[in-house]
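**Student:** So the protein sequences, as listed, match chains F, G, E and Y. Sequential numbering of the first sequence, starting at 1, is according to my numbering. Sequential numbering of the second sequence, starting at 1, is according to my numbering. Sequential numbering of the third sequence, starting at 1, is according to my numbering. Sequential numbering of the fourth sequence, starting at 1, is according to my numbering.
If you are wondering where the hints come from, they were derived from the structure by calculation, not from laboratory data. These numbers were taken from a predicted model, which means no experiment stands behind them. Hints may contain errors.
Remember, identical chains collapse to one label, so a pair may be satisfied in a single copy or spanning two.
As the list claims (entries may be wrong) - Restricting the straight-line Cα-Cα distance to at most 27 Å, the calculated cross-link-like pairs of lysine-lysine (BS3-like) are:
1. K56 <-> K123
2. K163 <-> K123
3. K73 <-> K123
4. K18 <-> K73
5. K18 <-> K123
So the chains spell out like this:
Protein chains: 4
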Amino acid sequence: MNVMNTQQAISELIALGKWIGAKGWVPATGGNFSIRADDCFVVTASGFDKGALNNKCFLNVNSAGDILNGNGKPSAETALHLALYELSLDTHCVLHTHSVAATVLSRYIKGDVFSVSGYEMQKSLTGYTSHQDTLSIAIFDNDQDMNRLAQTVRDYFSNQSHKLQHGILIRGHGLYAFGQNPAQTKQHLEGLEFLFACELERIKLEAAL
Amino acid sequence: MNVMNTQQAISELIALGKWIGAKGWVPATGGNFSIRADDCFVVTASGFDKGALNNKCFLNVNSAGDILNGNGKPSAETALHLALYELSLDTHCVLHTHSVAATVLSRYIKGDVFSVSGYEMQKSLTGYTSHQDTLSIAIFDNDQDMNRLAQTVRDYFSNQSHKLQHGILIRGHGLYAFGQNPAQTKQHLEGLEFLFACELERIKLEAAL
Amino acid sequence: MNVMNTQQAISELIALGKWIGAKGWVPATGGNFSIRADDCFVVTASGFDKGALNNKCFLNVNSAGDILNGNGKPSAETALHLALYELSLDTHCVLHTHSVAATVLSRYIKGDVFSVSGYEMQKSLTGYTSHQDTLSIAIFDNDQDMNRLAQTVRDYFSNQSHKLQHGILIRGHGLYAFGQNPAQTKQHLEGLEFLFACELERIKLEAAL
Amino acid sequence: MNVMNTQQAISELIALGKWIGAKGWVPATGGNFSIRADDCFVVTASGFDKGALNNKCFLNVNSAGDILNGNGKPSAETALHLALYELSLDTHCVLHTHSVAATVLSRYIKGDVFSVSGYEMQKSLTGYTSHQDTLSIAIFDNDQDMNRLAQTVRDYFSNQSHKLQHGILIRGHGLYAFGQNPAQTKQHLEGLEFLFACELERIKLEAAL
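If we strip away everything but chain F, and leave its shape as in the complex, we get (with noise of 0.2 Å):
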C-alpha cells in the first residue's frame, strides 16, 4: 500500500463519497468515511453531505482522536473508524453508508452475523474464491455509546476466531465496509451492498413459496 498524504486523501474520499452519494446510500448527510494517511487519519466532518464534500469538509485525528487541524467537529462515530484501523494495520480506509438494504437487514436477521453462501458476488470480497463458501459479516448492536460500541467492536475481533475483513454491520444503522486502499474499500462496499440488495428481495421471494 502506497500511503497517502492528507490532500490525496481529502481527493479520494470526495471522489467516493459523490458515488456513493449517488447510490443513496448517505441520506440526511449521514455516514462518515476515512483513510489512514501518512501521518494522521483524515475524516470527514460532521453535518455534510457526504455525496457533495469539498476541502473544507474534513479533519486529521491522531489515533487517539485529537482533531490536529482542520474544520468542524469530527463525526461522533471516528472511535469506531479508529478502532478498525486499530485492529489492522492493513486497513487503509473506511466507508461507513446508510442503505435501506444494511439497515433492514440488520433488523430483521435476530442473530449476530449476516452469512451467506452461493452466490459468486461473494468473490468480489477480498480472499473469497468460491461461491460455495460461506461469507459472515459480523452484526453489532447499536449503541450510543460510540466508545463502548468501539470497545465492544475491538472485544469481538480480539477472539482470533471472528476475522477482520470486509466490513462490519450495525443494527438499524448501516455497514461499515473497510479494506486496505480506498479502491479495495469500495468493491467491498458495493460487492456487500449487491449481497445485501439480493438478500432483501431472495427473502421476500421465498416467502412466496
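Based on the hints, put chains G, E and Y in the right spot on chain F.
**Tutor:** Leaving out everything else, chains G, E and Y in the frame of chain F:
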C-alpha cells in the same frame, strides 16, 4: 434564523425542487413548497412541475392566504402550509411531497401515527439523539376541504401532548415536512423518507418470517 | 387545443421520449408514441430506442393507417393509436409504455379493470377532484392481431357507460395513456404510473397483515 | 453481419459498458463482455469497472483462449464466452451481467429453466412473435471451474432440442446474453432483464393472493 427576502426564498425553493424532483417525490405536478420570507409567505403556484420551477412559478401570500403578488394560483394546499406556520413561529419552510412509500404506508397504517424506533436515522430528525427513542409522525385522513383539514391539524396540535415537529402525513396523499430553515426541512424530508423506505421493506420482510 | 404541425409534433415526441426513457418505461425498443397533427397522425417508427428518438424515427399516417411519408415502418400498434383517436376527437396524443408495474399489475388483476380509490394522486387525472372517487382503467387481454384488438377497444367504448379517458391497460403488455395535448397525456401517464407503483407496494404490504 | 475490426469492437463494448453500468448490472468490477471480431475475439480484462472501460481494458484472444495481445488478464469466464461462440457462428457478441433480479431468480427457481409466457416483451427476443409462446432460458449451476462449466454448456446444447438463443443464466451468478451483433445482444439483455424484473414482482404479488 436569518429571515430571507422573497427572491432568496424563491431561489432556495427552485434548488430544493430540483433535488426533490430527481428523487421522484413530486410526480405529475404534485407537491407544493413554501418559505416564510421577511414580509410574506412564498408559495409555489399550482400546476407546475415542482422539479423544474422557475421565477414565474411562485406567489406571495399573507398569513390569511390572500395573494399579494405573483403568477398563477396558489396550490389548494396553501391553507395547510399556513396552518403549520401559524402553529409555530419557528417553522420557516414547508415541503409537501408525494413519494410511493409515504403514500402507501400512510394507508397501510390504520392508526393515527407512524411510529418507529431502533433506527440510527431517527437522529437526522432535530431533537432526536438516540435510536432507542420512539419517533412519531401524526397521520391525518385526507380531506378535499383544505380549510377543514387545516383546522383538524390545528386542533390536533392545540393538544400540548402532541408535539409539532419534523412532519405530518396525510393518508394516501403524502408528507408535509417542515423545519426552522430550508436545509433543516430538507434534512427532515430526507430522513423521514429513508425511514418510510425502511419500514416498507421491513414490513414485507417480517411477513416472510 | 392548438393543433400542431408535423415538425412540432416530432419535437414534442422526441422530448417526451427522452423523459420516458429515463424513467425506464420503454425498454428494449418497446413502446410507441403518436400525436394528431394538423393534417396527419405522427407516429414513431418501429425498432428505435424511444428514449433516444430523432427526426428520422417518425412517419406520417392517415386515419386509415396508410403511410403518407417518413422513414421505416410504423409500429404494429399504430392501429390501436388510430382507434383511440377515432373514438374521440379530443384525443391529440397517445403514449404507449412498458413499465414493470403496469405489466405485472395488469396480469395480477384477473378482472377487466384496474380500480383505485383513496389516493390524492387520482386528482392528477383530468376530471378527478377527490380521492374518494373511484378511478377505473380498463384492462384488455393482449392480442397479436392488432386490428382485432383495436376493434375490441372500439366495441368496449361504444358502450356509453364505459368512459374513454386517461388510458387503457393491455394485459402483460403495458399502458396506453392519452389526452387532449402532450402535456396532459404526460400527466396522465405519470399519475397512472404512480398509482400502479403504489398499488404494487400496497398489495404486498397487505399480504403482510 | 458486418464483422468488426478490433478497434470497432472495443468502441462498441465501451459504449455498451457505459449503458450497462448505469443500469447497475456490473457492480464491484463484475461482469465481462466480448465481441467476435474479424481476426480474434475481443474480451474485457479482469478487474476493471465495466461501466467505465477504456481502450486499455481489453485483450484479443483466439478461439482456444490464447492471448494474442492486450493488457492485463482475461476474465476467468472467457472460456464460457468462447464456448458460446463455438456453439454458433451466428453469435458475435456476449454480454455477461450481474443484476439483482437475475441473481435472485436463478436461485429461487429450483429447476433448470426460467420460463415465461404472457408477456408482450417476449417479442423483444429474436424469433418470438407472440406473448402466447413460452420463452425458456436455461439455468446452469455455478461452477468455479470455468472449463467444466463451459463443457456443461456445450453438452447441453449439443442436444438438438435445446435451442441456443438469447441467453443463459448461471445460478446465483448472472446472465450471459448473446446475439448476432452488439445491438441485438443489448436488446436481448434489456428484454430479459425486464422479464426478470417483472417475474420478481409477479411472484411476490401472487403470494399476496
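**Student:** Which of the listed hints are broken here?
**Tutor:** none
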